[in-house]
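Participant: These protein sequence lines are chains W and Z, in that order. So for the first sequence, this note's numbering puts the first residue at 39; every next one is plus one. So for the second sequence, this note's numbering puts the first residue at 401; every next one is plus one.
Do not take every clue at face value.
Label-pair distances were calculated between CB atoms; the ranges are [as the list claims (entries may be wrong)]:
| id | chain 1 | residue 1 | chain 2 | residue 2 | range |
| --- | --- | --- | --- | --- | --- |
| 1 | Z | G416 | W | E96 | 33 to 39 Å |
| 2 | Z | G416 | W | S89 | 42 to 48 Å |
| 3 | Z | V438 | W | D132 | 34 to 40 Å |
| 4 | Z | G416 | W | K92 | 47 to 53 Å |
| 5 | Z | T501 | W | G121 | 19 to 25 Å |
| 6 | W | I91 | Z | K452 | 30 to 36 Å |
| 7 | Z | T405 | W | G54 | 35 to 41 Å |
| 8 | W | E53 | Z | R496 | 24 to 30 Å |
| 9 | Z | N471 | W | V116 | 40 to 46 Å |
Listed below are the simulated DMTMM-like cross-link pairs for lysine to aspartate or glutamate, each with C-alpha atoms no more than 20 Å apart in a straight line [said to hold, decoys possible]:
| id | chain 1 | residue 1 | chain 2 | residue 2 |
| --- | --- | --- | --- | --- |
| 10 | W | K92 | W | D69 |
| 11 | W | K92 | W | D122 |
| 12 | W | K75 | Z | E454 |
| 13 | W | K148 | W | D132 |
| 14 | W | K92 | Z | E475 |
| 15 | W | K109 | W | D62 |
None of these hints come from the bench; they were simulated from the model. Fair warning: this is a prediction, and the values are worked out from it, not measured in the lab. All residues carry an ideal CB built from backbone N, CA and C; glycine is no exception.
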Amino acid sequence: DQQVKQNSPSLSVQEGRISILNCDYTNSMFDYFLWYKKYPAEGPTFLISISSIKDKNEDGRFTVFLNKSAKHLSLHIVPSQPGDSAVYFCAAPDTSGTYKYIFGTGTRLKVLA
Amino acid sequence: DAGVTQSPTHLIKTRGQQVTLRCSPISGHKSVSWYQQVLGQGPQFIFQYYEKEERGRGNFPDRFSARQFPNYSSELNVNALLLGDSALYLCASSLRHRGETQYFGPGTRLLVL
Numbered sequence: 039d040q041q042v043k044q045n046s047p048s049l050s051v052q053e054g055r056i057s058i059l060n061c062d063y064t065n066s067m068f069d070y071f072l073w074y075k076k077y078p079a080e081g082p083t084f085l086i087s088i089s090s091i092k093d094k095n096e097d098g099r100f101t102v103f104l105n106k107s108a109k110h111l112s113l114h115i116v117p118s119q120p121g122d123s124a125v126y127f128c129a130a131p132d133t134s135g136t137y138k139y140i141f142g143t144g145t146r147l148k149v150l151a
Numbered sequence: 401d402a403g404v405t406q407s408p409t410h411l412i413k414t415r416g417q418q419v420t421l422r423c424s425p426i427s428g429h430k431s432v433s434w435y436q437q438v439l440g441q442g443p444q445f446i447f448q449y450y451e452k453e454e455r456g457r458g459n460f461p462d463r464f465s466a467r468q469f470p471n472y473s474s475e476l477n478v479n480a481l482l483l484g485d486s487a488l489y490l491c492a493s494s495l496r497h498r499g500e501t502q503y504f505g506p507g508t509r510l511l512v513l
């Protein structure tokens, strides 16, 4: 049962334009969400998070939007830069017992110069 | 400040062998979690330790075991290796086992032949 889903395995965007990465979840008990960026041969790097009491969180070029009614969150990167090319994972801490993170399958972003 | 460190970075083993992977958390972090990532998937939770006690276990066979030491470093052991154990093994540390962001190390890439 995939509780966190990223349905787009890849995305290509021109440098300077907006990148929008999407994530859907099925468990309405999730109350916190995170985005990680992963370069090849490196571990995931924490990017930005959002609590379920908010619908938006910004950090520089990165903004995460949360739509609880739709069980959907998105990561916006504006403007996109070639160095943003990486795999992006959304994750949510499990609320039933352990605080393990449940990850989506990732979206590979390629920013074209 | 040093981030999460893992050793070794790469490892090649043959089926049936045993492997030990090591992780040192960020200074001050008392919780360590282990994840397995196979190609095309998000990280899957294996174990979480906090204050040297197991706080969670994922859906992995008993061939997988772990422990945490008094200095909060951790080891993941896998016995009787199978080809399907080939993956990137990630260690993440956090201040506590709940409610805190997990920060990942670079991972150990294990290849089982």
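Participant: The structure should be examined with respect to each hint, and the outcome stated for every one.
Facilitator: We went through each hint and held it up to the structure:
no.	hint	result
1	Z:G416 <-> W:E96: 33 to 39 Å	violated, 51 Å
2	Z:G416 <-> W:S89: 42 to 48 Å	holds, 46 Å
3	Z:V438 <-> W:D132: 34 to 40 Å	violated, 20 Å
4	Z:G416 <-> W:K92: 47 to 53 Å	holds, 50 Å
5	Z:T501 <-> W:G121: 19 to 25 Å	holds, 22 Å
6	W:I91 <-> Z:K452: 30 to 36 Å	holds, 33 Å
7	Z:T405 <-> W:G54: 35 to 41 Å	holds, 36 Å
8	W:E53 <-> Z:R496: 24 to 30 Å	violated, 40 Å
9	Z:N471 <-> W:V116: 40 to 46 Å	holds, 43 Å
10	W:K92 <-> W:D69	holds, 10 Å
11	W:K92 <-> W:D122	violated, 25 Å
12	W:K75 <-> Z:E454	violated, 28 Å
13	W:K148 <-> W:D132	violated, 30 Å
14	W:K92 <-> Z:E475	violated, 37 Å
15	W:K109 <-> W:D62	holds, 6 Å
Consistency note: the structure conflicts with the earlier hints numbered 1, 3, 8, 11, 12, 13 and 14.
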